[in-house]
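A.B. asks: If you want the building blocks of each chain, they are given just below.
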Amino acid sequence: MEAPQYVAARVQRALAEDERTNELGIRVDVRGEQLFLRGQVSGDERRALIADVAGEAAPGLTVRNEITVMEVRGPGREERL
Amino acid sequence: MREVRIAAVGDVHLDESLRGRYRERLDGVEEHADVLLLAGDLTRHGTLEEGRVVADEFRGLPIPVVAVLGNHDHHSDLPAEIAALLSGAGITVLHDDATVLDIDGVRLGVAGGKGFGGGYAGKCASDFGEPEIKAFVGHTKRIADRWRVALKELQADRRVVLSHYSPVKDTLHGEPLEIYPFLGSYLLAEVVDAEGADLIVHGHAHAGTEKGVTPGGIRVRNVALPVLGRAYGVYCL
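These protein sequences, in sequence, are chains B and G. FYI, full-length UniProt numbering numbers position 8 of the first sequence as 8, with every residue one higher than the one before it. FYI, full-length UniProt numbering numbers position 53 of the second sequence as 53, with every residue one higher than the one before it.
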């Protein structure tokens, strides 16, 4: 059986290098038969796409998509330096 | 002399699916700030299509916009073409040089560029060994040298350095230690400390923190969108 660290590394590379995602900021963990994805993205479509690319890079594992969609608030308080 | 209000954000990673969505967050930006700085990674893949979305989102704002590119904006090997799209939309793009804006009679100097990696003092790559390592470190050294010249020549009342990569570790807390050398370089801070500035803003470190300071005491702000969690930060000098 392939070591889970190598599977996670392959998925992380796929997310970075696949033209559909080019995503560098997602944490990937493999635990048993499950692949966990964590991080923040800008929208639901992207969240789903990342799970697709991850699933293709790790066939046989169940993808647990725990990525959240970032909510961007208004400009907020200014800071005086 | 009046206060200058600087809005800044980086890592907006726009593409066609986000067209119009950033623009709506910029409504009334002129009430909050005198200038908007964009700290790189404006696109996802660095394609011309994405570059056009960025140009359109930030085109024709009532305040000046100054930008640098990030590593994502280089991914398709079209940085010059993307910069040209932004320039065509009236955005000033810095390439290791500087610009001076007149804000109601106050000269605001903005210097900088993409920056690059290498790591931080005592825990960094050196210009030694294989050509690949020398090329990596040499890229940062050349950038730092150009920033030194730009800052030396910059005549302004307030001075801000705009970068994509981080000049300090302070604003990286939350990022894995192992990737620090890919998030920035102390060489960038060293030249700014030597030549002087009032503020450094950068992006790139999505899991980092907002506030830091250089060894010489210059305030640093990580304005990556995921760090700010708001449309832009506003800093008054």
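Just so you know, these hints were derived from the structure itself, not from any lab. The reader is advised that the hints may include incorrect statements.
Have a look at the derived ranges for each label pair, beta carbon to beta carbon [as the list claims (entries may be wrong)]:
no., chain 1, residue 1, chain 2, residue 2, range
1, B, E33, G, E31, 37 to 45 Å
2, G, E132, B, T68, 21 to 29 Å
3, G, P131, B, T68, 37 to 45 Å
4, B, P59, G, V213, 25 to 33 Å
5, G, L177, B, R13, 35 to 43 Å
6, B, R64, G, K211, 30 to 38 Å
7, B, R64, G, F128, 41 to 49 Å
8, G, L48, B, G43, 19 to 27 Å
9, B, R13, G, D157, 42 to 50 Å
10, G, V100, B, L81, 13 to 21 Å
11, B, E19, G, R23, 42 to 50 Å
12, B, G76, G, V100, 42 to 50 Å
Glycine included, C-beta positions come from ideal geometry on N, C-alpha and C.
A.B. asks: For each hint, tell me whether it holds in the structure or not.
C.D. replies: We went through each hint and held it up to the structure:
E33 of chain B and E31 of chain G have their C-beta atoms about 53 Å apart, which leaves the hinted 37 to 45 Å range violated. Checking the proposed 21 to 29 Å range against E132 of chain G and T68 of chain B shows it is violated: the Cβ atoms sit about 37 Å from each other. Here the CB-CB span from P131 of chain G to T68 of chain B is close to 42 Å, well matched to the stated 37 to 45 Å. The hinted range of 25 to 33 Å is not satisfied by P59 of chain B and V213 of chain G, whose Cβ atoms lie roughly 47 Å apart.
In this structure, L177 of chain G and R13 of chain B break the distance hint of 35 to 43 Å, their C-beta atoms being roughly 20 Å apart. Hint check: R64 of chain B to K211 of chain G, Cβ distance near 33 Å, so the stated range 30 to 38 Å holds. At roughly 43 Å, the beta carbons of R64 of chain B and F128 of chain G sit within the given window of 41 to 49 Å. Between L48 of chain G and G43 of chain B the C-beta distance comes to about 22 Å, which sits within the given range of 19 to 27 Å.
For R13 of chain B and D157 of chain G, the hinted distance range of 42 to 50 Å is satisfied, since their beta carbons lie about 47 Å from each other. V100 of chain G and L81 of chain B have their C-beta atoms about 19 Å apart, which keeps the hinted 13 to 21 Å range intact. Between E19 of chain B and R23 of chain G the CB atoms are about 26 Å apart, so this pair departs from the stated range of 42 to 50 Å. The hint said 42 to 50 Å for the Cβ distance between G76 of chain B and V100 of chain G, and at roughly 28 Å that hint is violated.
This entry does not satisfy hints 1, 2, 4, 5, 11, 12, going by the numbered hints stated previously.
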